[in-house]
Structure formats: C-alpha cells, structure tokens
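*Asks:* So the chains spell out like this:
Protein chains: 4
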Amino acid sequence: MKIKAGVIGATGYAGAELCRLLSQHPEAELSAISSVSFEGKKLSDIYPSYYGLCDLVLGKAEDVIAKSDVVFAALPHGLSQETAKQCLDAGKVFIDLGADFRLERAEDYEQWYQNTFLYPELHEQAVYGLPELFRDEIRGKRLIANPGCYTTAVPLALVPALRAGLIEKDGILADCKSGVTGAGRKMTQDTHYPELNEAMHAYKVAGHRHTPEIEQTLRRVCGEEVKVVFTPHLLPVNRGILATCYAKAKPGVTLDKLRRVYEEAYENETFVHLLPPGREADIHNVRMSNFCEVSLHLDTRTGTFIAVSALDNMVKGAAGQAIQNMNLACGLSETEGLLMWPPAF
Amino acid sequence: MKIKAGVIGATGYAGAELCRLLSQHPEAELSAISSVSFEGKKLSDIYPSYYGLCDLVLGKAEDVIAKSDVVFAALPHGLSQETAKQCLDAGKVFIDLGADFRLERAEDYEQWYQNTFLYPELHEQAVYGLPELFRDEIRGKRLIANPGCYTTAVPLALVPALRAGLIEKDGILADCKSGVTGAGRKMTQDTHYPELNEAMHAYKVAGHRHTPEIEQTLRRVCGEEVKVVFTPHLLPVNRGILATCYAKAKPGVTLDKLRRVYEEAYENETFVHLLPPGREADIHNVRMSNFCEVSLHLDTRTGTFIAVSALDNMVKGAAGQAIQNMNLACGLSETEGLLMWPPAF
Amino acid sequence: MKIKAGVIGATGYAGAELCRLLSQHPEAELSAISSVSFEGKKLSDIYPSYYGLCDLVLGKAEDVIAKSDVVFAALPHGLSQETAKQCLDAGKVFIDLGADFRLERAEDYEQWYQNTFLYPELHEQAVYGLPELFRDEIRGKRLIANPGCYTTAVPLALVPALRAGLIEKDGILADCKSGVTGAGRKMTQDTHYPELNEAMHAYKVAGHRHTPEIEQTLRRVCGEEVKVVFTPHLLPVNRGILATCYAKAKPGVTLDKLRRVYEEAYENETFVHLLPPGREADIHNVRMSNFCEVSLHLDTRTGTFIAVSALDNMVKGAAGQAIQNMNLACGLSETEGLLMWPPAF
Amino acid sequence: MKIKAGVIGATGYAGAELCRLLSQHPEAELSAISSVSFEGKKLSDIYPSYYGLCDLVLGKAEDVIAKSDVVFAALPHGLSQETAKQCLDAGKVFIDLGADFRLERAEDYEQWYQNTFLYPELHEQAVYGLPELFRDEIRGKRLIANPGCYTTAVPLALVPALRAGLIEKDGILADCKSGVTGAGRKMTQDTHYPELNEAMHAYKVAGHRHTPEIEQTLRRVCGEEVKVVFTPHLLPVNRGILATCYAKAKPGVTLDKLRRVYEEAYENETFVHLLPPGREADIHNVRMSNFCEVSLHLDTRTGTFIAVSALDNMVKGAAGQAIQNMNLACGLSETEGLLMWPPAF
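Protein chains in written order, with numbering that gives the first Met the number 0: chain A, 0 to 344; chain B, 0 to 344; chain C, 0 to 344; chain D, 0 to 344.
Note that these hints are calculated values from the structure, not bench results. Check each hint, because a few of them may be wrong.
Because identical chains cannot be distinguished in the list, a pair is counted as satisfied if it fits within a single copy or across any two copies.
What the hints assert, rightly or not - DSSO-like, lysine-lysine: derived pairs with alpha carbons at most 30 angstroms apart:
no., residue 1, residue 2
1, Lys226, Lys84
2, Lys140, Lys247
3, Lys66, Lys3
4, Lys3, Lys168
5, Lys40, Lys84
6, Lys249, Lys3
7, Lys249, Lys140
8, Lys41, Lys226
9, Lys203, Lys3
10, Lys1, Lys168
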C-alpha cells in the first residue's frame with residue numbers, strides 16, 4: 000500500500016514542486032493539499048501546468064494531517080512549530096521545508112529569525128535532513144528539518160575537504176547564485192520580468208539567514224566553530240543554485256589529494272556527481288533533477304581551494320530532498336521516485 | 000522482459016531526448032545508441048546533463064539494429080530509407096523521427112525534399128504516427144513515420160472542426176512559434192546566444208517543408224485537398240511550439256458548437272488538454288511533457304475561428320510521441336512512461 | 000533655446016522611456032515630471048538605471064503643465080481628457096500616449112473603452128500621430144494622439160499594399176507578438192519572472208482594444224470599412240512588437256509589384272527599413288531605436304501576401320514616436336534626437 | 000572638423016559596438032572599417048541591426064590606417080603589435096582593445112599569452128587606458144592599451160580601499176559574472192542558445208588571462224605585489240560584468256570609513272556611480288552605457304569587505320572606454336559621446 004503524503008502550503012513553489020514529484024513516486028500518493036490563500040480552489044487553478052493532472056482541492060491543514068501518513072509543510076518561516084506538534088501528536092511523520100527546526104541553538108533562531116523555540120522537546124527530536132551527511136540520523140525519524148537550497152549546496156561543496164582537515168576553517172567564503180524560483184511565487188518589482196531579465200545583482204549581502212545554517216553544518220562536521228562569508232546573488236534563470244566556495248588549502252595539499260577525499264565521500268552517493276578534472280559544475284545540468292554536481296579546482300598561485308556545486312533549488316534544494324528524507328524516514332529505498340534524468344536542454 | 004529500444008542518431012536533440020525518456024520507461028530499456036560524428040564517445044561526453052546516468056558508448060547503426068527490438072532513428076532527412084529497410088529485414092520495429100516516410104505521395108517528397116522513394120513497398124507499409132488521429136492504423140505496425148513538431152501541433156488544433164465540417168477548407172492559416180531546440184544542436188549564427196536572446200523573427204516564410212505534411216493530414220481527415228498558409232517563427236525559449244491557427248467558421252457556427260466537437264474528440268485523449276473558456280494555450284504549461292494544450296476562440300466580428308495549440312516540440316513533437324507510437328506498436332499501454340507532469344516553473 | 004518638455008505619468012514604462020530619450024534630445028530638455036503614486040520621490044528611486052542621471056523630483060501634473068512647452072501624458076486610458084483640456088487652455092502642446100484621443104468615432108471609444116468624449120471639440124482638433132502616414136496633418140498641431148505599439152506596427156506593414164489596391168480588404172489578419180514591457184510596470188502573476196520565462200501564449204484573443212484603432216487607420220487609408228482579425232501574444236523578451244500580417248493578394252499581383260509600392264512608400268522614410276528579399280524583420284534589430292523593419296513575402300501557393308514588421312514597442316511604439324510627433328509639432332527636424340542605432344546585441 | 004576614427008576588426012562584438020558608439024559621437028566620425036573574414040561586405044551584412052545606418056564597406060587594415068586620425072583595433076590577442084607600429088609610424092593615435100599592450104612586464108605577457116614583445120619601445124610608450132585611475136598619463140598619448148572588461152570592473156571596486164590602506168593585500172578574491180557577449184561572436188557549443196539558456200557555470204577557474212592584468216593594476220596602486228583569486232562565470236544575459244570582490248578589512252576599519260574614501264575617489268568621476276547604502280550594484284542598471292555602479296558592504300562577523308561593481312562589458316568594458324580614451328588622447332571632453340542613459344528595461 001502506498002504511503003499517503005500530504006502537503007501543507009501546496010501553492011508556494013516548493014509545495015507545488017512537491018506535488019509534482021510525489022505524483023511520479025511509485026510508493027507514495029498525494030493524499031491531500033492545503034493552502035490558506037487559495038482554500039477551495041484546485042491546484043491547477045493556481046498552476047495551469049497541472050491542468051487535468053491533479054483534481055485535488057486545496058483544503059485546511061487539519062485535513063491534510065488527518066489524511067496523510069507523511070506531512071510536508073512548505074510554509075513561511077515561523078508557522079511550522081504548531082503544525083509539527085499536531086503531526087507528531089497524531090503519530091505522523093513531519094517533514095518541514097521551512098526553517099523552524101533547522102537551527103539547533105535557540106539563540107541562533109532568535110538572532111536570525113526573531114523567534115523562539117515553542118516546544119524545545121520537538122527541537123530535540125528534530126533531525127537535519129541532509130542525507131549525504133546525516134543519513135543514519137534520519138532513518139526512521141518522525142520530525143525532519145529539510146535544509147534550504149544554499150544550505151545544501153555549500154556543505155556538499157566543502158564538507159569532504161573540511162572533514163579531512165585539508166582546508167583551513169578560517170576564511171571560508173561562499174559566493175552563491177540562485178535562480179528566481181528561490182524568491183518564491185510572491186510578486187515583487189525585483190522579479191517582474193522586464194526588471195530581472197538581463198539583470199544580475201547580489202542581495203542580503205552579509206546578512207542572509209542561511210548563514211548560521213551553513214555554519215552549523217560545517218561546525219558539526221569539523222567539531223569547531225566555523226564562520227562563513229556568504230553572498231547570495233539573483234540570477235535570471237528559473238531554477239538552480241551555483242555555489243562557488245573558496246577556502247585556504249592547508250600547506251602541501253594538492254588537488255589530487257583533495258580529489259581523493261571527495262571521491263571517497265561521494266562514490267556511493269547516487270545524487271552527487273563529482274565531475275572529472277576539466278569540467279565545471281553547471282546549473283543547466285541538474286535542472287528538474289535531484290542531482291548535485293561538484294567540481295574541484297585549486298588556485299596554486301594563492302593556495303586557494305575552489306569547490307563549485309550546482310543543484311536545482313526546487314528539487315535537491317527543496318522538494319526532492321524532502322522526498323529523499325521521506326524515503327529514509329519510511330524505510331523505502333532512498334532514491335525512490337527521484338532518479339529522473341535532468342533534461343539536456 | 001523489457002523491450003530493447005535503440006536510438007540511431009542519439010546525439011541530436013531528438014535522439015538525446017529519446018534516451019532521457021526511455022530511461023524512465025517502465026517497460027523499455029535503452030539497449031544501444033549510435034552516432035556518426037561521435038562514435039566511441041559516451042552520450043554524457045556530449046550532454047553533460049547525463050553525466051553518471053548513462054554509460055552507453057555511441058556505436059554504429061548496425062549495432063543498434065542488432066541489439067534492439069525497436070529502433071528509433073533521429074537522422075537528418077534523407078538518411079532513413081536504407082536504415083528502415085535493414086530494420087524491417089531484420090524483423091525490428093522501426094520508428095523514424097525524420098521526414099522520409101511522412102509524405103504518402105512520392106511527388107510531394109520529391110518537390111519538398113528533392114529526394115525519391117527508394118523502396119515504394121516500404122512507404123506502403125509505413126503509417127503516420129499521430130496517435131490521436133490515426134491510432135488504429137498504428138497498433139502493431141512495424142514502420143512508423145513520427146510526425147514533426149509543427150505537424151503535430153497544427154492538426155491537433157484544427158482537425159475536430161475540420162472533420163465536423165464547421166470551418167471552411169479555404170483560407171486556413173497557421174502562424175507558428177517554435178522554441179530554439181527545433182533548430183537542432185548544430186550551431187548557427189542565428190542561434191548564437193547573444194543574437195537570439197531578445198529576438199524574434201519569422202523564417203522560411205511560405206516555404207517550410209512541414210507545409211505539405213500538415214496539408215496531407217488535413218486532407219486525410221476531410222477527404223479533400225486543403226491548402227494551408229504556414230509561417231514558422233523562432234522564439235527565444237528552449238522548448239515549445241505554439242500554433243495559432245485561423246479558419247473561416249461556416250455560417251451559423253458558434254463557439255459552443257465548436258467546443259462540443261472538440262470535447263467529443265478529446266474527452267478520451269490523455270495527452271490533449273482542451274482548455275476551458277477564458278484560458279489560452281501556453282507553451283510554458285507543457286514543457287518536458289507529452290501533453291498538448293488546445294484553446295478555442297471565435298472572432299465573431301469577422302467569423303474567424305482561432306484555435307491555439309501548445310506542445311513541447313521535443314516531447315509530444317518528437318521523442319515523446321515516438322514512444323507513444325512504440326507503445327502502440329508493441330501492444331503496451333499507450334501512455335506508458337509518458338505521464339510525467341510538466342513542471343509549474 | 001531648448002523646448003521644455005514635461006512628462007505626466009513619468010513612472011510608467013512609457014513615461015520612463017520618454018525621460019531617457021528626451022535626455023539625449025539636442026533641442027529639448029526634460030523640464031518637469033509627475034506621478035500620482037510616487038509624488039515626492041526622484042525618478043531614480045523608481046528606476047535605479049537612472050541613478051545619478053536625473054535629479055528631478057516627481058511632482059504634480061499641474062506643475063508639469065506650468066513648466067513645459069510640450070506636455071506628454073503617459074496615463075492609464077481615460078485620464079487624459081481633462082489634462083488635454085488644461086494643456087490646450089494654457090497654450091501648450093499636448094501629446095497623449097494613452098488611447099483617449101486615438102479613436103475618431105465616439106461610438107468606437109464607448110464600445111471599446113466604456114468611456115465618452117468629454118470635450119468633442121478637443122477630439123476634432125486631435126490628430127493621429129503616425130507620421131509616416133499622416134505627417135502633414137501633424138505639423139504644427141497642439142493635440143496629438145500618439146498611436147499604440149500594435150497600431151503602429153500593423154499599418155506600417157500593410158498600408159502601402161492596401162493603399163495601392165494590391166490586396167483585398169476582406170480577410171486581413173494580424174498575428175502579433177509583444178515584448179513584456181507592453182504589459183507595463185505593474186506586477187501580475189503572468190509577468191512574474193518564473194512564470195513568463197520559457198513561456199508564450201496569446202491573450203485577449205478577438206477582443207484587444209487596439210483592434211478598432213488598427214481598423215480606423217486602414218479605413219482612412221483605403222476609404223472603406225476594413226475588419227481585421229488581430230491576435231496579440233506575450234513574448235519573453237523585454238522589448239519589441241513583431242506583427243505578422245496576412246492579406247489576400249489581388250489576382251495577378253506579384254511580389255515584385257508589391258515591393259515596388261513599398262519602395263516608393265518608404266524610400267524617404269528615415270525610420271522604416273524595408274528589408275531586401277531573403278531577410279525577415281526581427282525585433283532584435285530595432286531594440287532601443289525608433290526604426291521599424293518591414294519584410295515582404297508572398298505565398299504563391301495560396302495567393303497570400305505576408306508582411307512582417309518589427310519595432311521597439313517602447314520607442315517607435317510609444318516614446319520615440321511621441322518625440323517624433325513633438326518634432327513635427329514644434330517645427331524641428333523630424334528625426335532630431337531619434338537617430339541612435341539599435342545595438343547589435 | 001571631426002576626428003576621423005577607424006576600426007580594424009570591426010566585425011567582432013567590440014568592433015561592432017565601437018562603430019555604433021562612434022556613430023553618435025558629436026566630435027568624431029567613423030572613417031573606415033576593416034575585417035579579414037568579411038572584406039568586401041558591408042557591416043550591416045554581418046549585423047542586421049545596422050541595416051540602412053552604415054554603408055561602409057569592410058576593407059583592409061591599411062586603408063583604415065590611411066583614412067583615420069585615430070585607429071581602434073579590436074583584434075584577437077597577438078595581432079596588434081604590427082598594427083600599432085604601422086599606426087605610430089604613420090602618426091596616428093592607436094587604441095588597442097586587445098591584450099598586447101596591457102601587461103608592462105614582458106615575462107607576464109610570455110607566461111599568460113605565450114607571446115613576446117616585438118617592439119619593446121612601443122611598450123614603453125603604451126599607457127594603460129583606465130581613465131579613472133590613470134587619467135593624467137593618458138592625456139595626449141598615442142598608444143593606449145584599453146583594459147579588458149573584468150580588468151576594469153575589479154579595480155574600480157577595490158582600488159580606493161586598497162590605495163587608502165584599509166584592506167589587506169593578501170587574500171583578495173574576485174568572483175565575477177559575465178554576460179555572453181564577452182565570449183565574442185564566434186559560435187561555440189557552450190554559447191549555443193539552448194545550452195546556455197537556463198545555465199550558469201564558472202570557466203577557466205584559476206587560470207584566466209585577466210588575472211595578471213588585474214594584479215598589475217592593484218600593484219601599481221599600492222606599490223607592492225598583489226595576488227588575486229579570480230573566478231569568472233558565464234551568465235545567460237547579453238551584456239554585463241558583475242564583480243563581487245572580497246578583501247580582509249584591516250582592524251578597526253568601518254563601513255563608514257570605507258565609504259568615505261570611495262566618495263572622495265569617485266565624487267568627480269562621471270562614469271562611476273557609488274551607490275547609497277542599502278542598494279546593490281546590478282548589471283541591469285548599466286546596460287548600453289559607459290557607467291559603472293559600485294556598492295559597498297562589510298561583513299562585520301568576519302571582517303570581510305565586499306565591494307560589488309557592475310558595468311557593461313561592451314561599453315565601459317570595451318568600446319565605450321576606448322572612446323573615453325580617444326577623448327582624452329585627443330583633447331576632447333572626456334565624456335563626449337558617452338553620456339547616454341542606460342535604459343530602465
């Protein structure tokens with residue numbers, strides 16, 4: 000029998016993508032969907048691409064919880080804690096695509112989100128759903144915090160080198176570029192077509208909320224505090240994160256040595272493609288897929304290690320990874336429903 | 000046991016898309032691929048999106064035929080006749096994505112392609128693979144001419160009205176807009192990014208080779224010669240055909256009456272989405288999918304019927320429809336492997 | 000002394016473009032600008048491209064009138080009649096980029112805009128500012144209705160043939176494609192970047208308000224009622240109108256004959272580029288310029304004349320043409336300030 | 000009398016842009032153009048945007064030299080030395096858009112370009128044409144090496160801080176993003192529309208030839224060797240360089256202090272727009288113009304100074320700056336012909 004998977008907040012971009020991916024999952028079915036803004040409408044009233052494919056009517060969050068084994072929430076930050084409580088009390092698996100359970104320190108959450116942990120015991124149960132790094136913790140869990148897009152891309156680029164002690168902890172820098180869907184479905188002047196077309200700029204320089212989340216993952220991996228300079232940019236493409244990450248290589252570290260630790264780290268990872276020398280990670284190559292490309296470079300003139308990762312912010316950076324977490328939580332094969340090839344063009 | 004499906008000419012855009020779609024077909028497997036230009040390379044050497052996903056090496060056409068039950072050929076026009084002969088002699092199913100078997104009249108082929116029918120008996124066996132119109136002829140056949148992209152979009156927009164006698168045969172006009180992948184992988188100055196970006200123009204006005212193919216389909220449907228004005232345009236998007244088709248409505252014909260014949264024609268067609276009043280077909284809504292949207296409009300001031308269809312030129316207009324034909328030819332469910340939703344963004 | 004030119008409604012796209020073009024006009028200077036929504040702000044607060052280039056503060060319409068010799072109004076339809084009255088009463092030249100003075104018949108205005116002529120005497124004074132067709136009427140006038148973008152592109156494509164009696168009046172059809180700026184600065188879900196990118200669709204099929212305006216121009220040229228099927232489409236580029244226009248060629252009319260009347264019509268027109276045989280009009284080639292490309296084609300199989308025009312909807316289709324009209328109204332050289340080349344990429 | 004300006008290599012992108020900008024220069028006229036590949040053709044045969052605007056026929060380099068007071072060369076690297084010799088011998092001003100005269104050390108040129116200084120005395124005469132930094136050296140000179148696009152953007156972002164000693168010389172990093180025109184008119188698979196659309200990737204990581212040129216400028220400014228990590232990326236827009244530059248702020252340096260040195264440095268620079276706090280430099284805002292936007296940021300958590308610059312790679316990064324140099328060399332006002340506003344959309 001298929002897993003009943005429901006989506007709270009189905010009309011945002013991450014929610015809509017979840018519905019699409021769940022529709023092609025062989026072991027799950029989309030059981031119910033909800034939306035505060037569009038209650039009573041069909042999903043295809045909001046997303047005409049889904050016309051004729053999904054007759055579900057957008058209902059209330061409670062109905063989604065009642066009708067589902069696994070509940071995904073794709074809500075604005077701050078709204079997931081109560082929902083999580085309800086889901087766990089009702090014995091459901093809860094996978095949160097928002098930020099409420101991502102930070103393990105209440106003070107970080109307060110500082111960056113101006114919000115508090117309502118149910119500290121829930122935060123203790125929560126696991127951080129980046130399977131390539133924390134797979135064993137995720138299996139069988141009931142409360143999973145799905146990472147953000149940048150916060151998946153940057154660690155996948157840097158962790159093997161950091162864990163192996165081949166780069167310095169100081170001076171790590173992530174210059175990241177995001178497709179527009181990362182800004183969501185809500186209209187802004189900045190994402191009005193004529194003003195974003197033929198444009199590119201940085202945003203939230205030195206202040207983006209994904210910073211503490213990236214630092215937390217790196218800290219967990221190397222056991223020490225790590226500070227990261229993180230600069231996101233908005234890119235006139237629909238999908239994709241490109242993370243160009245810089246770190247000081249330790250003395251004597253060669254590109255070969257670096258490659259070897261990445262090869263070991265990723266040789267059994269279905270969703271991470273470590274590219275051969277001479278190729279660069281490109282967001283074009285991972286669109287609509289759960290794959291992440293990583294390419295490695297060393298600037299020998301300055302001793303700087305440059306690792307570039309590319310993923311689809313809506314799939315590996317959101318809905319696809321959430322399904323990967325569902326698979327792990329529910330004892331399915333981790334790759335179930337997620338092996339579609341990225342289109343070549 | 001899965002059907003062994005091989006692709007001759009796998010490195011062109013249609014061939015590459017076929018490989019991708021076959022990889023997610025539950026009843027088929029990609030058995031062998033070939034390319035004249037890239038023999039000996041892996042498909043992912045040409046298409047980096049496929050890195051790590053397809054280890055097949057590009058070989059010779061003969062090997063593809065030997066290793067496959069169904070052979071798809073995505074070759075430049077003119078090269079399929081010999082291949083078809085070899086496939087049929089070897090007892091294979093042959094599905095041609097080129098134009099060599101699309102035209103039933105040798106004189107049309109000579110006029111528009113400056114080429115002759117080498118094996119007239121093959122042309123007699125060939126069926127035209129537009130399932131929504133000629134499904135019964137396709138089932139169980141061994142030689143299928145897969146239609147082109149424009150030649151799928153225009154008939155799906157016009158046939159129900161024409162067949163029902165609600166529009167005039169004279170004065171039919173199709174103003175079509177195509178995504179760039181329709182121009183293929185071969186570089187041209189015209190498709191060099193800076194020169195196509197922020198551009199749009201018509202091409203091959205009054206002389207595109209899809210004209211006789213469109214006319215043939217309309218003629219078969221209404222039993223009389225039909226002439227069509229067909230103007231293709233190149234559009235700065237990767238995928239999609241938008242066909243805005245115009246015809247004189249017969250006196251007294253209302254939009255309601257037109258809608259009813261389309262509803263009847265398409266109510267059981269999985270891949271055709273007849274849109275409700277007030278919505279317009281959009282290539283955005285069918286990308287990466289085998290669906291075709293159709294919207295109907297009547298300009299009552301002039302008595303002009305306007306039917307707009309949208310499809311993905313690489314899927315319903317090429318590789319997806321070829322698989323739909325394979326499914327029919329091999330006795331599988333027609334929709335097998337083709338029900339993926341188009342992404343919402 | 001330079002002409003003082005003011006812009007009412009300077010923060011819409013047409014108004015903003017006017018400010019830019021006026022800034023490089025050797026005989027005019029931008030004297031004052033207004034905006035209801037952004038009063039008190041600087042234009043560069045709204046359009047960061049203009050940062051450091053324009054220190055004018057957005058004021059009230061009255062101030063613009065007081066400080067200007069020529070007043071341009073780029074207002075939503077319906078709001079120009081009172082402004083026109085004030086301008087004429089104050090002895091100013093008034094050039095309206097809205098639709099209020101474009102239609103000469105009150106009944107057309109009522110039918111298509113649900114509005115009435117408030118000052119019929121003003122409408123009698125108003126001239127329709129399409130200089131290539133009505134130049135002599137425009138010279139020295141004080142109230143000029145600047146045509147819309149489609150309504151410039153379609154007549155420039157068709158008028159020479161129609162005036163020379165080489166095409167039939169019945170069955171004229173204009174399939175038009177517009178860049179997104181035509182939809183204005185106001186955000187809509189439809190023009191949110193991720194939803195328009197990789198998209199194309201028709202809109203307002205058989206009901207766009209430019210229809211009666213196009214018909215009026217054609218009627219004035221040939222002296223008889225003309226009905227036109229007009230289908231606009233939205234295109235994922237910032238600027239440009241491509242008008243693919245179809246008409247029945249009269250018996251015996253050849254492409255040579257058609258070319259000759261176009262050559263005569265446009266040989267002295269600086270802003271119309273009649274393309275040589277074998278080339279197609281392309282919006283890429285006219286961006287940021289006041290030029291209009293026209294290419295001519297004849298489908299001899301069906302006797303259909305196909306004329307394609309391309310222009311920049313914000314320049315020749317709005318602000319540039321408005322300046323061309325100012326030049327004529329004020330006795331300047333018609334091309335003053337408008338001869339910048341379109342960029343090649 | 001106008002300056003006669005000729006362009007050798009007029010059919011590459013930089014050359015074509017030069018022709019366009021020279022056409023609107025009030026004190027110069029385009030005297031002659033040349034091309035090896037397209038000799039005998041008109042420029043508008045190559046660039047249809049220029050149809051009807053430029054009747055010059057592409058001739059030989061010698062003719063350009065003979066007919067011009069100022070000769071611009073937009074040639075592939077390595078071909079300018081002989082041309083420079085001919086120009087200087089003939090008493091012309093020579094402005095080189097290629098790299099042959101940019102590097103002052105023969106060993107750098109040999110290492111990065113595998114080429115030698117043919118006429119060392121010419122290299123001694125050559126000045127580096129970045130007017131905002133080296134204006135006084137450029138005035139009245141006859142041999143000017145016009146900087147590349149990245150090599151203009153990065154110094155404009157970093158020099159004021161470096162010169163004032165507010166940042167460390169070690170650990171400077173420039174993560175740059177370039178529009179496609181930077182890759183030139185030559186077709187490549189990488190810049191074929193369907194493969195670059197919806198794409199982004201780094202290229203020539205740790206090995207791009209602009210590295211030593213950037214380092215040379217920084218060295219000249221601070222008097223010591225400087226090493227820079229420079230990572231270029233290819234962006235799916237036509238025009239623009241966005242340079243996100245990182246440097247360690249010296250202890251105690253505040254953003255206010257940094258702002259002040261930039262304000263001083265740029266307060267009289269027409270072409271550099273230092274943005275107010277809260278705004279980010281965007282390539283959208285400088286397209287088709289000679290302006291460069293600079294925004295300043297400080298990541299106080301890590302003590303990292305982030306300066307972002309944006310310019311049009313074809314104007315301030317190539318043809319516009321070359322004209323700025325011509326103006327200086329010929330004693331014209333430096334901004335002549337270069338004050339056009341960037342379009343708002």
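*Asks:* Next, verify each hint and record whether it holds.
*Replies:* Checked hints:
no.: 1; hint: Lys226 / Lys84; in the structure: neither (32 angstroms within a copy, 54 angstroms between copies)
no.: 2; hint: Lys140 / Lys247; in the structure: neither (37 angstroms within a copy, 43 angstroms between copies)
no.: 3; hint: Lys66 / Lys3; in the structure: within (7 angstroms within a copy, 41 angstroms between copies)
no.: 4; hint: Lys3 / Lys168; in the structure: neither (43 angstroms within a copy, 52 angstroms between copies)
no.: 5; hint: Lys40 / Lys84; in the structure: within (27 angstroms within a copy, 47 angstroms between copies)
no.: 6; hint: Lys249 / Lys3; in the structure: neither (49 angstroms within a copy, 51 angstroms between copies)
no.: 7; hint: Lys249 / Lys140; in the structure: neither (37 angstroms within a copy, 47 angstroms between copies)
no.: 8; hint: Lys41 / Lys226; in the structure: neither (45 angstroms within a copy, 40 angstroms between copies)
no.: 9; hint: Lys203 / Lys3; in the structure: neither (38 angstroms within a copy, 41 angstroms between copies)
no.: 10; hint: Lys1 / Lys168; in the structure: neither (45 angstroms within a copy, 51 angstroms between copies)
In this structure, the earlier hints numbered 1, 2, 4, 6, 7, 8, 9, 10 are contradicted, and the remaining ones agree with it.
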